[in-house]
Every structure is written in C-alpha cells, then in structure tokens.
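Fit chain to chain and form the complex, with the hints in mind.
Listed below are the residues making up each chain.
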Amino acid sequence: MGWLRRLANTLLPDRAERTIDEETRFHVDELIDELVRGGMPAAEARREARRRFGNPRALRERTRDADVHRWLSDGAQDLRFAVRTLLKSPGFTLVAIVTLALGIGANTAIFTLFDALLLRPLPVAEPSRLVLFSDEAGEGTSSGSPPTGRWIEFSNEVYRHLRDDVSLGFSSIAAVRSGETAILVRRPDAPAAQPQRAQAHLVSGNYFDTMGVAVARGRALTLDDDRAGAAPVAVVSDGFWQRTLQSDPAAIGRTIVLNQTAFTIVGVTPPEFFGERVRRAPDFWMPLVFQPAIELRPSVLDRTDTYWLSLIGRLAPGQSRTRVATAATGSLRRFLTASAGAAPSAERTAEIRDSRIELSDGASGVSGLRSTYAQPLRVLLAVVALVLLLACANVANLLLTRATARAGEMAMRTALGAGRSRLVRQLLTESLLLAVIGAVCGLLLASWTSRALLAQIVSSSAPVRATLNAGVLAVTAAIAIAAGLLFGTVPALQASRLDLVAAIRTRHSGGLGGARRSRAAHALVIVQIAVSVVLVVGAVLFARSLVNLQRQTLGFDADGVLLARLSPRLAGYAPPAATAMYRSLQERIAALPGVRSATFARYSPFGGSRSVHGGHVEGYTSGPQEHIGLETVQVGPDYPVTLGIAVRRGRAIDVRDKEGAPRVAMVNEAFVHRYLPNVDPIGRRVGVSDDRALDMQIVGVIADARFRDADKAVEPIVFTAMLQENSQFALDCELALRTGGGAAPAAAELRAAVAEIAHDVPMNDPRTLTSQVAGAFDSQRLAARLIAAFGLLALTLACVGLYGTIAQQVAQRTTELGVRMALGADRAGVLRLVLGRIVALVALGLAVGLPAAIGGSRLVASQLFGVGAIDPMSIGAAIVALVVVAAVSGFVPALRATRISPVQALRGE
Amino acid sequence: MFRRRKPDALRGTLDLLILKTLTRGPQHGYGIVSFVHAMSDDELRVEEGSLYPALHRMEQSGWIAAEWQLTARNRRARVYRLTARGRARLAEERAEWTRLTAAVGKVLRAT
Chain B
0 MGWLRRLANT LLPDRAERTI DEETRFHVDE LIDELVRGGM PAAEARREAR
50 RRFGNPRALR ERTRDADVHR WLSDGAQDLR FAVRTLLKSP GFTLVAIVTL
100 ALGIGANTAI FTLFDALLLR PLPVAEPSRL VLFSDEAGEG TSSGSPPTGR
150 WIEFSNEVYR HLRDDVSLGF SSIAAVRSGE TAILVRRPDA PAAQPQRAQA
200 HLVSGNYFDT MGVAVARGRA LTLDDDRAGA APVAVVSDGF WQRTLQSDPA
250 AIGRTIVLNQ TAFTIVGVTP PEFFGERVRR APDFWMPLVF QPAIELRPSV
300 LDRTDTYWLS LIGRLAPGQS RTRVATAATG SLRRFLTASA GAAPSAERTA
350 EIRDSRIELS DGASGVSGLR STYAQPLRVL LAVVALVLLL ACANVANLLL
400 TRATARAGEM AMRTALGAGR SRLVRQLLTE SLLLAVIGAV CGLLLASWTS
450 RALLAQIVSS SAPVRATLNA GVLAVTAAIA IAAGLLFGTV PALQASRLDL
500 VAAIRTRHSG GLGGARRSRA AHALVIVQIA VSVVLVVGAV LFARSLVNLQ
550 RQTLGFDADG VLLARLSPRL AGYAPPAATA MYRSLQERIA ALPGVRSATF
600 ARYSPFGGSR SVHGGHVEGY TSGPQEHIGL ETVQVGPDYP VTLGIAVRRG
650 RAIDVRDKEG APRVAMVNEA FVHRYLPNVD PIGRRVGVSD DRALDMQIVG
700 VIADARFRDA DKAVEPIVFT AMLQENSQFA LDCELALRTG GGAAPAAAEL
750 RAAVAEIAHD VPMNDPRTLT SQVAGAFDSQ RLAARLIAAF GLLALTLACV
800 GLYGTIAQQV AQRTTELGVR MALGADRAGV LRLVLGRIVA LVALGLAVGL
850 PAAIGGSRLV ASQLFGVGAI DPMSIGAAIV ALVVVAAVSG FVPALRATRI
900 SPVQALRGE
Chain F
0 MFRRRKPDAL RGTLDLLILK TLTRGPQHGY GIVSFVHAMS DDELRVEEGS
50 LYPALHRMEQ SGWIAAEWQL TARNRRARVY RLTARGRARL AEERAEWTRL
100 TAAVGKVLRA T
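In order, the protein sequences belong to chains B and F.
Using numbering that gives the first Met the number 0, the letters of the first sequence correspond one by one to residues 0 to 908.
Using numbering that gives the first Met the number 0, the letters of the second sequence correspond one by one to residues 0 to 110.
Think of the hints as simulated: they come from the structure by calculation, not from any bench.
The C-beta atom is built at its ideal place from N, Cα and C for all residues, glycine as well.
Some hints here could point you the wrong way.
Chain B is nowhere near these chain F residues, computed Cβ spacing over 12 Å in every case [claimed, not checked]: (1) Arg23; (2) Met38; (3) Arg88; (4) Ala90.
Between beta-carbon pairs, the in silico distance windows are [stated by the list, open to error]: (5) B:Gly74 - F:Glu46: 27 to 33 Å; (6) B:Ala477 - F:Thr97: 37 to 43 Å; (7) B:Ala477 - F:Glu46: 47 to 53 Å; (8) F:Glu46 - B:Leu443: 50 to 56 Å; (9) B:Arg79 - F:Glu46: 31 to 37 Å; (10) B:Arg50 - F:Ala71: 23 to 29 Å; (11) F:Ala71 - B:Gly74: 17 to 23 Å.
Computed, partial: chain F to chain B, Cβ under 10 Å [to be verified]: (12) Pro25; (13) Tyr29; (14) Gly30; (15) Leu43; (16) Arg44; (17) Glu47; (18) His55.
Only chain F is shown next, with the shape it has when bound in the complex (with noise of 0.2 Å):
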C-alpha cells in the first residue's frame, strides 16, 4: 500500500488518510498524492496502484462523491468530495487509529 513503509499496522489507514485529505475540499487523485506525500514530510507515499481502487471502493460505498472538472492548466481530472456519510466513517476512523496507536503506544512503553 505504502511503498517504502509497510508495516503491518497501517493497512487500513489508506481510506483514512484519503478521507483526512479530503476534509480540506475537494481533490483528485494525484491531489492526494502530493497532499499526503507532503503533510508527511515525504515519509508516506500512497501507491497509485492502491489508490484508484480504493477511491473507486469508497465512492460506491457512498463515501465520497466524484465529478469531473477542468484543473488550472485545462487538464480533465475527476476530482473527489467527502460526503456527509464519509465525514462520519472519518469520525470512525479516525477513533479507531487513535485507540490502536494508543494501545500500541503502551506495549512500547511497557518496560
């Protein structure tokens, strides 16, 4: 999913990172990307092969909604937008990676 970091426990946090972005409007996919790559420090970088499908996957759950739009540079990009239901399952996420990180957390620190 990630392509130089893999560990186990991030698998998963793709939609949320997808979602996360997505708070910040509407974007398309090489958005993303960079948005991701950057926020990170350039230390995650999502894989275009994973993202698409996963895009594809969340807006048929109704996660996200897609348009096409034309960019600056008169480019046709489909661009993505949170919807109502994705903004809660980001909720829901969110929450989730809280609680494993936390847990995680505390095994580490256990001494």
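The following block holds chain B by itself, in its conformation from the complex (with noise of 0.2 Å):
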C-alpha cells in the first residue's frame, strides 16, 4: 500500500505536512517537560528544545520527502530534462511535432466530421430506443399500387393499423409527412410585416412524445390535436420563436396564419431540437389532420392507395429491433392479406409474402448527408489512420536517429550509475512529451479545420455542429499516448541496450547497436514508402475519377443559366391563373435585355427532385411483370433552348401548346432507346397518368439530359406541356432563364419583372445552374481533394523520413567511406554504393505498397467513377512521385558522403 499512501501525500501535500507538524509538536513539547523537569527555567527549555530539534522546516521536507520518495522528484526532472533535451535540437523537435500536430490533427478532424454527420445523438430523451422504418435521405409520396419489398412509405391507414397494434413491443410509433412543406407565414398581430415563407412539418399527434422531446415553452402536440375536426395548432421552433416572434413569451396562445389557415401556437421547441433529420429544422410541426390546409392538396389522409406517411417508432424498453421488426413485418402482412379480399391473385399473395418491414437505427436521426458522406467520410477514417502510422514511423525514425547520435551519452549516462529503466523512462517521457505537444497542436489544428470542412459541406442553417466532444477527445488522447508509446519504445529499448565500452569508445559509429537500429530505420523507411504509395495511388485515383465525373456530358448547357423557384401555390392561385401567370412571366422576363429566352418547368436539372408516374406507350408491350415508371416533367414553352438541350427530331413544345390544343410531349432519346426502337417515335401517343388513357402525341425527341447522378445511364423522361397541365401538383414550378451578360443584372431584372407581374407569389433567391450541377459532385470533391492533399502530406513525410535515414547512415559510414576512398574507391563508386541502398529502399517500399494500394483500391471501387481498380496511370504516377522523392531526399546525403575528405575520416577515428 506504500504507493497508495505516496500518491496520497503527493496529491494531498497539506495532510502529510500537517501529520509531520502534529508529530514534532508533541516531541518539542515533551523535550520542554523533561527539561523544566530537570530544573531549567521554562523560556530556556523552550529555545534548548527548538535547537535540539533543528530547522523544522528542513525536517518537514526530509520526512516528507521519505514519503514521497524519489518517485514524484524523478517524474519532475524527467520532465525537466526532456524539456531542455527538446530545446537543445530546435529543428528536430519542430519536425517532430509537426508531423505528430497533422497525424493527430487530421485524425481527430475527420473523426470530428464522421462524429458530426454519422455518430452525434438525437437530443432528445433516450436515442438508443428510437427506430426508423427507413433511413433512406429520399423522401415523397408514392400513389397507386402498394409498396413491395421493403415498407419505405405508408399509407394514413396502415399507420393506424400499426400504431394500434400493441403486441409489436413499441412504446408508441410517430408518423411524419415524407418531406417538408413550403407554406407562407401571415401574422395578423403584425399587419406590415410581409407574408414570409417558411418549412412545416406535418407529425402524427404522439410525435414529440415518441421522439422523447419536452418543449422549451408551451405544450407539446397531443394525440386529441390530431382528431378529425380538432383546432388547428402548431409548434414552432426555437428559430422561428427567436427570429420571427422576438422569443415574446406571450407568442404562446396567439394566432398565426399559415397558408390560408389560422393557427394557434401552443409551443416551442428546445433550442437543440431540431427534428429526426439532420437538415435544415423546419419552422413548424402541425398534427397531420392538417394536411390538406398545409399543402393546398387534396386529403390524402383516408386514401388507402396514397403512401406518404415515414416512421419512426420508440421501442418499448427491452426490446431489440429485429424481434420487433419481425413482429411489425408480421402484423404488416395480416393487414395486407386481410386488405387483398377474399381471392387475392397469385401475384399479389407473392407481392405480400415479400413486404417487409426493416427498423433502421434512430440514435441518429435520419440524415441525407449520411448516406452521401458515410463511404466518403469512411475512405478518409482510413486515409488518416495511415496518416498517423506514417506519422509516427517518421518520429520513431527520427528518434532513432537522435538515438544513435546520443549512443555516448547514454552510455555515459549508463555508466555513471543511471539505471536502465531510468533511461528508458527518461526517453519514453521524451516522446510522451512530443505526442502531448503535438496532440494539443494537432486538436488545434483540427477545431479549425473541422469547422472549415462541415462548412463545406452543409449550410450554416444546418443543425450539424463540429464540436470536439469528449468522444473526440478521449480519442485524439488515445491516439497521442499509444502513438508516444509507440514509438518511444523502440528507440529507448535499444538505446538502452547498448555496448558501454563500445559505445563510449566509438561515439559515432553508435556501437553494436548500429547494425540493429539500422534495420530498424529501414524497416520504418520501407513502411513510410508503403503508405506513401497507397496514399498517392488513392489520391490520384479520387482525382481522376472527379475528373471523370466533372467532365461526364450532361446533355445540358448550364453556364449561364438562372433558376427561381415560384411557389404560386402558397398565394391561393388555382390552376388556370397560375399557367396564365407563367405564361405571361415568360414572355415578359425572355424581352428583358440581359436574357436571352426564358422558360419554366416544374423541376430543374441536379435540383434534387424526381417525379414518377405509371406511364403506357403506345407500340409497347410491356413484360408480365413490368410496370413502367415514367419521369415526366412539365415544361414551358423554349425548353430545349433555355437550358442547351439538342432537339434530336420533331420540334420542341412552344407556345401552341396551351389549354385547348392538342396534348403534346418531348421524349428524350434514352426513352426512344428503350420503349420505341426502330420505329418513328414522332407522332406516336403516351400516357401518364393513372387511367391509363394515351392522351400525348410525342412531337419531339431531345438529346439525354442528366438530371441527377452523373454516373448512371440517363433514364427515359417524358416532357409534358405546362400551359396544358391543370393539375394541383404541378403548381410550383422553376423558373429558367439563359443570361446574355452575367448573372447578378439578370437576377435584379428577374425580381423586378416577379414584383411586377406577381407581386404575391413567393420566390426563392435565383441561383446559377452551375453552383446547383456543382453541388452535386461535393462530397466526391472534397474526397477527392482531402485524399489528394493527405497524399501530399504522406509524400512530405516520406520524404523527410527517407532523408534522415539516408543522411544519419552517410554520417555512420564517414569512416568506412573515408577508407574506401582512401583505397581508391572514387565518387562514381561512393555515389552509386548510397543511391544503390535509396533503390534498394524504395523499391523494397514499392514491392509492399503496391499490392496494398491495388488492394485498397478495390476496396473503394464503387465509389470511383470510369476509373478501374487497377489503373495504370495513379500506380505509374506513384512509382513517379516516390522516385522523385526518393531522389530529392536521398541526393543530398549521397552528394555530402562522396565529399568526405578520408584523411578527416580517419582522423575522427
């Protein structure tokens, strides 16, 4: 227990003082007894007692010191020593902690990153219970036949049957609308303040109770909120309470008009709350028995064939997912049975023997950027943790190095008395130290660089924060110690090893040890190269395939093309008006100076949107089993030109097709390609929509145009005319218009000619197509760029690695190459016998990094694009790069050794 009470003398100095101080106390005083005892006056006992005792203050820290021992004291000049050894060699200590600040730094920022868009807890009252029925970023209403396969979206009712179905092992299960709603904001306690837009969130009545979420302020949404016939109530956000309502506490109770419905506001949400997705926080949450005055829609709440609702359930406690999605798939499949009649087709019964339910993981919530940056995010994880093993085999070269440089004094050390685990804890508290210092640059380094990264990735407004959180921490600390451990053990347990008298004899050539530690710093040069190829192989593979994806053809011209998106919808326009209105814009917007045509449609390229429907063609027969899923846009009149689009054959929709004409639509050739090959597409009929009537005469064909990935074949699309369409849905549309000069004056134009013609209908910010096509490639570029630039990092590392090493061996070798000299050997000889060991390294680093770098390759295959696994050109580029850096760093030791004048080697001998 003796640590026991050291450790506790240490951390609690006061108490050991004071037991001293009691001890001495009670000795002087019995020392006064005994001598006034004897006869002498009692103020001369007192001072005789004091001098007999002696300085108290040096008994203290005698005693004390006992207790202590050497164990603190040593820890302290351990440190102290380190400190000033550190200081001695500047330039080495800088490298060192250098390369550990990025290893660690890198590490810890994307773990921050990976933590911030994968890992991060919902707030809200245990996540860990929380289940998905999906976790898929896509989000939209599906109408017709039921689902198959996996159960993405339901229907009002089969949520109702779920919900009330109380076997399953759910606490409750909450229903939200799949997807947000755009609605405008009136406040009729503030008449000035203009109409404003704004995101709701249509929710069963059991959502924040499902979700484990208290409100800030107010009362959550209820169950009875959500009845049929219930007054319209709302929470809102933090947000929106802060921003819109001036967090006035008396905004609770008041009415707000959303849409065209008045509200009462019941709640606020807590500040962190921000919804199961990880986007932008909506400003609202409305029971779903609005749904019809939120989205100005039909009511999809009792259609049986509408599939709109997403899930997200509470397990009750103790239960696991799988049992319980097990039992939900169970329940799912009774419903559907029950729901299919009494004779159901032999096609249905399979349909409904292969629904499913899966439950996804709800720590988390759901999260688009999930799914995008999850593989990304995942290749970068392993990126830096080579980073780091590539990091720390440079300091462990680099303090094997000092090592054999400081094989005297460690001998000399060793010598004079100093045990060999002092020496090895003096060189471990070095490289600990390194690893401390290091860790806290690199933290730096990554709070800033986090930051940068998630700023790139997802807008301000998002509730995503790169916050270094404990778990971030107590991983860097990990990294940084088990890194110091690392390798400080080597270097110390050979340097400890050492031959005395041959060392202290022959300071440079290290002693014994040198053929042992030169092995060492080989095997760690050879490593350094092995990652180093892996990295650069990687890193030119994610560029080219960016490359690839960038310059993929679109089918479209998007430089100088400018969106907004309209939402007449939300100012109460029906149909016909709002066609009447577009059709006026256009022609008042494609007049303005700066623009040469404009266009609308009801989605653009890269927006994010997609819209099926069941669609028939008239000369095609459709297998047994296929059900053709059309995407149709509607579009206005100049489409093709607006956007760049080659008009293959036929003409484009213009402005004969209005209400009243003939129904017209443009196909684009992947369609020809698939439902009319070998037959004249133009004039034949198609169908989209639900009653299976061929009501569109195709009039043209127009090139393929990709509307989102660009690295999957064009699907068939079908373009319907927009001043023909008059329905509901296809109210909102964008706006398009191809600049003549630049894109600000057309913005300005734009708003003017909106202010003018309709004044009342809400218009996002105009955007450029470009930075919407941009957007798509983000997290391929910053893969790519992040993998090169670590590249980059790995190569400088190498480098530096591969220096040392070479030049500490030239400096070992003075005498031997003094001699060889002295024999006859010339520069041509010294020269090529170094270069020969440099060759001899990297392609020994070669041998081991390739076949991992192909290896690793394969590993991210799916997420590189026209590139192969095994490309030629990033394995030559690498070969390239590796040599050139072997050159650069290996050119100067190997220019120093032929200099080595042999009388001078000899003389050192």
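Shown next, in the form of structure tokens:
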C-alpha cells in the first residue's frame, strides 16, 4: 500500500505536512517538560528544545521526502530534462511536433466530422430506443399499387394499424409526412410584416412523445390535436420563435395564419431540437390532420392508395430491433392479406409475402448527409489512420536517429550509474512530451479544420456542429499516448541495450547496436514508402474519378442559366391562373435585355426532385411483371433552347401547346431507345396518368440530359406541356433563363419582373444552374481534395523519413566511406553505394505498397467513376512520385558522402 | 545521526535501534529517543532530525505501523509499533550487526 500513501501524500501535501507538524509538536512539548523537570527555566527549555530539534522546515521536507520518495521528483526531473533536451535540438523537435500535429490533427478533424455527420445522437431522451422504418435520404409520395419489398413509405391506414397493434413491442410509433412543405406565414398581430416563407412539418399527434422531446415552452402536440375536427394548433421551432416572434413569451396562444388557415401556437421546441432529420430544421410542426390546409392539396388522409408517411418508432424497454421488426412485418402482412379481399391473385399473394418492415437505428436520426458522406468519410478515416501511422513511423525514425547520435551520452549516463529503467523512462518521457505537444497542436489544427470542412459540406443553418466532444478528445488522447509509447519504445529499448564500452569508445559509429538500429530504420522507411504509395495511388484515383465525373457530358449547357423557384400555390393560385401567370411572366422575362430566352419547368436538373408516374406507351408491350415508371417533367415553351438541350427530331414544346390544343409531349433519346427502338417515335402516343389513357402525342425527341447522377445511365423522361396542365401538383415551378450577360444583373431584372407581374407570389433567391450542378459533386470533390492533400502530406513525410535515414547512415559510415576512398574508390563508386541503398529501400517499399494500394483500390472501387481499381496511370504516378521523392531526399546525403575527406574521416577515428 | 558520537560503523544502526526499542511495545518518537538514551547509559542520543525521516521511511517499508493515540498526559502522539515484517527485519539487522562488530573486534584484537 506504500504507493497509495505516496500518492495520497503527493496529491494531498497539506495532510502529510500536518501529520509531521503535529508529531513534531508533541516531541518538542515532551522535551520541554523534561528539561523543566530537570530544573531549567521554561523559556530556556523552549529555546533548548528548539535548538536540539533543528530547523523544523528542513525536518518536514526530509520527512515528507521519505514519503513522496524519488517517485515524483524523478518524474519532474525527467520532464525538466526532456524539455531541456528537446529545446537543445529545435530542428528535430519542430519536425517531430509538426509531423505529429498533422497526423493527430488530421485524425481528430476527420473523426470530428464523422462524429458530427454520422454518430451524434439526437438531442432526445433515450435516443437509442428510436428506430426508423427507413433511413433513406429520399422522401416523397407514391400512389397507386402498394409498395413491394421493404416498406419505406406508409399510408395513413397502414400507419394506424401498426400504431394500434400493441403486441409489436413499441412504446409508440409516430408518423411524419415524408418531405417538408413550404408554407406562407402571415401574422395577424403584425399586419405590416410581409408574409414570409417557412418550412412546415406534418407529424402525428404522438410525435413529440415518441421522439422523447419536452417542449421548452407551452405544450407539445397531443393525440387529441390530431383528430378530425380538432382546432388548428402548431408548435414552433426555437429559431422561428426567436427570429420572427422576438422571443416573446406571450406568443404562445397567439394566432398565426399558415397559408390560409389560422393556427394557434401552443409550444416552442428546445433550441437543440431540429426534428428527426439532420438538415435544415423545420419552423413549424403541426398535426397530420391539417395536411390539406398546409399542403393546399386534396386530402390524402383517408386514401388507402397513397403512401406518404415515414414512421419512427420508440421501442418498449428491453425490446430488440430485429424482434420488433419481425413482429411488425407479420402484422403488416396480416393487414395486407385482410385487405386484399377473399381471393387475391397469385401475384398479389407473392407481393404480400415479399412485403416487409426493416428497422434501422434511429439514435442519430435520418440524414441525407449520412448516405452521401458515409463512404467518403470511411475512406478518409482509413486514410488519416495511414497518415498517423506514417507520422509515427517518421517520428520513430527521427528518435532512432537521435538515439544513435546520443548513444555516447546514454552510455556515459549508464556508466555513471543510471539504471536501465531510468534511461528508458527518460526516453519515454521525451516521446510522450512530444506526443502531448503534438496532440495539443493537432487539436487546435483539428478544431479549425473540421469547422472549415463542415462549412463546405452543410449550410450554416443545418443542425450539424463540429464540436470536439469528449469522445473525440478521448480518441485523440488515446492516439497521442499510443503514438508516444509506440515510437518511444523501440528507440528507448535500443538505446538502453548499448554495449557501454564500445559505445563510449566509438561514439559516432553508435556501438554494436548500429546494425540493429539501421535495420529498424530501414523497416520504418519501407513502411513509410509503402503507405505513401497507397495514399498517392488513392489520391490519383479519386482525383481522376472526380475529373471524369465533371467531364461527363451532362446533356445540357449550365453556363449562364439562372434558376428561381416560384410558389403560386402558397399565394392561393388555382391552376388556370397559375399557368396564365407563368405565360405572361415568361414573355416578359424573355424580352428583358439581359435574357436570351426563358422557360419554366416543374423542376430543374440536379435540383434534387424527381417525379415518376405509371406510364403507357403506344406500340410498346410491357412484360408480365413490368410496371412502366416514367419520370415526367412539365415544361414551358422554349425549354430545350433555354437549357441548351439539343432537339434531335421533331419540334420542341412551344406556345401553341396550350389549354384546348391537342396534348403533346417530348421524350428523351433514352425513352426512344428503351420503348420505341426501330420506329419513328414522332406521332406515337403516350400516357402518364393513372387512367391508362394514351392522351399525349410525341412531337419531339431531345438529347439525353442528366437530371441527377453523373455516373449512372440516363433514364427515360417524358416532358409534358405545362400550359396544358391543370393539376394541383404542378403549380410550383422553376423559372429558368439563359442570360446574355452576367447572372447578377439578370437576377435583378428577374426580381423586378416578378414584382411587377406576380408580386404576391413567393420566390426564392435566384441561383445559377452551374452552382446547383456543382453541389452534386460536393462529396466526391471533398473526398478527392482531402485524399490528394493527405497523399501530398504522406509524400512529404516519406521524404523527411528517407532523408533522415540516409543522412544518418552516411554520417555513421563516414569512416568506412573515408577508408574506401583512401583505398581508391572514386566518387562515382561512393555515390553508387549510397544511391544503391536508396534504390533498394524504394524498391522494397514499392513492392510492399503497390499490392496494398491495389487491394485498397478494390475496396473503394464502388466510389470511383471511370477508373478501374488497377489503374496504370495512378500506379505510374505513384512510382514517379516516390522516385522523385527518393531522388530529392537521397541526393543531398549522397553528395555529402562523395565529399568526405579520407584524411578527416580517418582522423575522426 | 548521533550527536555526540558519529563513528562510520554506526551508520545504519538507527533502524536497528528503533526496531529493537519497539520490541518492548508501541512507542512514540520521543519515547524512542529517551529509551535509547537511557539504555545506552546516556552514550547514544538519537538526533530528532534523523529520527522522523527514518520512522516515516520504515513505516513506508512496512516494518512499523503508526497510529495516533492520547498519552497519559492527554497529548496526541503518533505511536509506532513493530509489524511482522519489522520483526523479521530486526533479526536480519541484528545478525548483520553481530557479524560486523565481531569482525571489527577481530581486527582490533589482532596484534
């Protein structure tokens, strides 16, 4: 237990001192008593007692030192000594710290990002009990035949069935409208304020209960709010409450008009709550029952053929996800069987048997970012782990080199009586000190980098924060300490295993440990080269993949196209009024000086939207199991010319194709290729409505334009005439204009035109199609850039490592090289000798690294576009890079070797 | 270590004296000084400046154990007693001492 008391004494020095003081006082008192008993006057006795006792402070120190022992003082001494030695060689210290800071910083930054985007749990009670019926980023409504396979979206009817089936093992199941809805907010209490756009989220009455969120003010929604005939109520987000309602506590109970319906505000969410989706937080949550009023669309509440709800469950305590999923699947199949009627077809029976519910972990919510960035981030985690390995190898190499240089010092200290464990401890202290300083620098670097990286990935309004949380700190600390031990151990053990006499006698040849030490150094250099090869190959692969993606012809010309979204639905427009508004707006805008042509469309390429309808094509016989799903985009006149899509055959949809005229459609080449090969498509009829009518005639074929992925085949698309459309669903449109000059003046003209013709229609900020397309490559671009940066970093580190090792060896072999030269070896011979060593190291490094690189490339092949896993170009680039690095880092020491003066070298011996 | 007589041979004997004193029963620091003083016919005086560091070191080595007690005159004193390990240690030190003094004696008796 000695160490415990020592520890207590160390941590609680007061306690130890009090004990000693009290003990001393007793002794002095007794002594005085005795002297007084012997006849000495009291004052003199006190003096005598003190004199005999000596300096009480010195006694205290000595007594306590016996306790604290050499334990702590040695530690402090080690630390002081380590600081002094590190300061003595600032070059080494700087390189080591920078290397470590980069390694640890990169790890922490990427882990922080990983944590922020993928791991951070929702700010709710017991997030681990939340399960998602779908963790896919995609959202939307599907209608028609029931889903098959895994159920992602549910109808209200199926939701109610599952919610009320108490046998499943859920505490509760909440439903949310799949997708957010833009609404228009008017405030009767502030009539002067402009109506503003906001995001609304329709949720079931038990949503807040299920999520485990207590509102910050007022009350949450309840099941009673979600019944037919209930008074309209809404919960507002903390952000909206602060921004728009000026944090007014009296706002609760106030009425606010959302679209055309007056809602009462009943509660405010806590600031940290952003819903179940990691993205822009909604401003309002309101019960599902108000779907028609919020979406301004016919009710889908009782439609059994509309699948529009995403479900979130809270497991009952002790329930497992898989068990509950199995129970829910059984319940779903029973329900489907019951509603399929008395004698379902064999096909339907098979579909029901195939229907299932899978539950995903909901602790971190749903994140589109997650699916987009999970793979690149995993690759990056692997990359930064390699970088850290490299950094450690590098610092180990530096320390090894130093250990060699300090062999004499170590030997001298051993000879003077320093224990081996003491020397090892000293060296370990040094490496740990380096690791800690490196980690602190790395942490600073990481907090800055991860914030900058996150800013590239998500908009500032997204509820994702790159905070270095405790977990990240723990991981960094663990990495730092492990790194310290890792690269401290080998040199420390080697240095302590010196042959004393030999080491002292021949200081610079490093004693007998030299051969062993250079073997270790060689191994480290080979590891560094191999890791660099992997990273360089990876960097080139990702860079090439990105270039390929960006070079991919998109089929449209994004340059100079400006987009703006209009929402006449929110302003209460009916379809005929909206189309008339679009028509006059288009005419007005096309006539603007800065605009060459203008059109409008339901949605734009790479805008993230997609609308697919069950379709029929005249002359195409579908297979027995085939449902033709056709992507359908409603467009206005001048669509191909504005977007720069070539018209291949026939004509484009134009102003003649309006209400009352025969219904027409354009199709893309992929459509023709798929459904009407070998025939003239012009004049054929197609239909995209549920009633199976072939009510549109194909008038033109346009070139394939990519609407989302750059790396997948283009799907068939039908373009229909917006001016012939009277569906509620097609009211909101994207204006697109091809500008003649810059985007900014055109945007100003556009705003003026909208204000003039449709002042009451909300419009979001105009943006360029170029930026919208670029956004689609964000994750690949980020991955490619980071991996390239890390590859460069790896090369630099390898360069430092190789240089250090070769320089050290040249220094070690000064005598030998001098002797060789004295015996007649010429400079070229010496150069060959040194360069031969470098070539061998690089060759070995490549031999280890290239197979590893090819293996690694296979793992990431799915993330690459247009580059094979075995890519001669990236392998060639890696070889060239490594050879250049070797030449650069080996040349200086090699040259130095040829300049060795034989006389001086021999004299040094 | 000793104020009046400090022959080198006596170095290391402080532990021995403390351990021996404590075989007679638990004792505080002052008691140890008095006992050694009296038993050596006033020849040996343990210096306080050495006694307490030694006591703490021995306590830490587990040879003696300490606890606070009230003396007959109602003063708080830290009282040390011998442990089993201390007894074993005493036997070792005693044997060592005997060997040393015998050896020194032989040398001195040599003519």
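Now the hints, each set against the structure:
1. Arg23: With a cut-off of 12 Å, Arg23 (chain F) remains clear of chain B, as the shortest Cβ separation is near 18 Å.
2. Met38: About 16 Å separates Met38 (chain F) from the closest Cβ of chain B, which puts it past 12 Å; holds.
3. Arg88: Fine: 15 Å to the nearest Cβ keeps Arg88 (chain F) off the interface.
4. Ala90: Since the minimum Cβ distance to chain B is about 22 Å, Ala90 (chain F) lies beyond 12 Å and the statement holds.
5. B:Gly74 - F:Glu46: 27 to 33 Å: holds, 31 Å
6. B:Ala477 - F:Thr97: 37 to 43 Å: Between Ala477 (chain B) and Thr97 (chain F), where Cβ atoms are some 57 Å apart, the hint is violated.
7. B:Ala477 - F:Glu46: 47 to 53 Å: holds, 51 Å
8. F:Glu46 - B:Leu443: 50 to 56 Å: Distance hint for Glu46 (chain F), Leu443 (chain B) holds at roughly 55 Å.
9. B:Arg79 - F:Glu46: 31 to 37 Å: Between Arg79 (chain B) and Glu46 (chain F), where Cβ atoms are some 33 Å apart, the hint holds.
10. B:Arg50 - F:Ala71: 23 to 29 Å: For Ala71 (chain F) against Arg50 (chain B), whose Cβ atoms are near 27 Å apart, the range 23 to 29 Å holds.
11. F:Ala71 - B:Gly74: 17 to 23 Å: violated, 44 Å
12. Pro25: This hint is violated: Pro25 (chain F) lies away from chain B, its Cβ roughly 14 Å from the closest one there, beyond 10 Å.
13. Tyr29: holds, 4 Å
14. Gly30: holds, 8 Å
15. Leu43: Given a least distance of 15 Å, the restraint on Leu43 (chain F) is violated.
16. Arg44: Given a least distance of 9 Å, the restraint on Arg44 (chain F) holds.
17. Glu47: holds, 5 Å
18. His55: Because about 4 Å separates His55 (chain F) from the closest Cβ in chain B, which is inside the 10 Å limit, the hint holds.
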